[in-house]
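Undergrad: Listed in order, the protein sequences are those of chains A and B. Be aware that the first sequence starts at 1382, since it is given in this note's numbering, and climbs by one per residue. Be aware that the second sequence starts at 1382, since it is given in this note's numbering, and climbs by one per residue.
Quick caveat, the hints were computed from the structure, so don't treat them as lab data. All of these numbers come straight from a predicted model, not from anything done at the bench. Take these hints with a grain of salt, some might be off.
Note that the list lumps identical chains together, so a pair holds whenever it fits in one copy or between two copies.
Lysine-lysine pairs mimicking DSSO-like chemistry, simulated, CA-CA at most 27 Å apart [to be verified]:
id	residue 1	residue 2
1	1551	1444
2	1418	1449
3	1605	1561
There are 2 protein chains.
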Amino acid sequence: MSTAVLERSLVERLVREALKGQTNGYAGNGKAGPPNKLVVNVSARHCHVTQEDLERLFGKGRKLTPFKALYQEGFFAAEEAVTLIGPRQRMITNLRILGPCRDHSQVELAFTDAIQLGLDIPVRKSGDHRDSPGAYLMGPAGMIRLERGVIRHERHVHMGPADAAHFGVKDGDRLNLRIKSDCSAVLEDLLCRVAPASKLEVHLDTDEGNAVNVAKATKVELFK
Amino acid sequence: MSTAVLERSLVERLVREALKGQTNGYAGNGKAGPPNKLVVNVSARHCHVTQEDLERLFGKGRKLTPFKALYQEGFFAAEEAVTLIGPRQRMITNLRILGPCRDHSQVELAFTDAIQLGLDIPVRKSGDHRDSPGAYLMGPAGMIRLERGVIRHERHVHMGPADAAHFGVKDGDRLNLRIKSDCSAVLEDLLCRVAPASKLEVHLDTDEGNAVNVAKATKVELFK
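With the hints as constraints, model all of the structure from the sequences given.
TA: And the structure:
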């Protein structure tokens, strides 16, 4: 029966491998497309940590070790992973840390993950921890208690200034995402995050990616 | 670490309790609403079995014991639950059987469940097992091997003749579902299943219900 524990460590990797990459490369909307190709990626559950929390979890002087580059320049999945412990000793093992380190520690789960863990989490943008629960993070060198910061990261789209101009949006505006698949849907109100160096990329969580079967999407399109 | 196994048994119940009921009772579309109130329910993973398979799993002469009535008249979650075993010994415990018994055994999972189990499942309507994988089901009296029949049940809406007339659809047609929440979306192409005794009810799986946060929906609406 203990194989169920081992499964947990496979979920992130499987979801990431199954959904990432396959969803890259669909043109936005043909001839009048955005300056850059629209990429839709699914973020499996993960966490971000401060350098201070990293050292509490992995030991003094520890630095994050890049394991796999993410689509946005300079970001990576780290080799380091932790165990997330929620109420009543329920836990999720092998929760990947994404780098580089940030000025706040934060855990990003899908609702399916949170329900399994027994947590009621809010939908928030990164860094907004209002009314969010905490949890324990356990690493090989120690355990830390997050007072809060376990959230479902709201669906969003990264883009640079040229794409923002194309879509007629500014940072903080909203766009809709149409996905054509055998589970077609329009996901509404994606938060636009505009930054000079950003590449055009939608981030969904695993619930969203699985709900719309984005791995087998035949078309993805952003619109106002 | 073995608490992770126990968690599995809580997931179905938590999801069902969290999502069911709370989503009942939203009127379809105000003054020109359908004859009957639109109910959106989330089906956690479950299975259906034939009487013959039930007896192999639970013993000769066994009958399903109703545990909780479902919204559609005559259907119920049974007290009986099985362990679902996929490739490489990964498993899901406490998979609820829904009654009454059917003329085919079938397992209905969300993609998140299937990925965890290591299965690549197709999106199908009930009874359509084309290209679907099999699995083992284990009960207290025995284990059976399903050659196929593990599917993601496609999103659908049950309705009676009066509702079908209101929406202008017949059995097998498609409708879209708009959900307003903090994760708003339009889920497209819900299969209409029209039967004389059916009540107006949408069935989503847990990925879909969680993706759109249907538990906190402020409005749900069916449209062509």
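Undergrad: Indicate, hint by hint, whether the structure satisfies it.
TA: Hint-by-hint comparison with the structure:
| no. | hint | result |
| --- | --- | --- |
| 1 | 1551 to 1444 | neither (35 Å within a copy, 61 Å between copies) |
| 2 | 1418 to 1449 | within (21 Å within a copy, 49 Å between copies) |
| 3 | 1605 to 1561 | both (17 Å within a copy, 17 Å between copies) |
Going down the numbered hints, you'll see the structure goes against just number 1.
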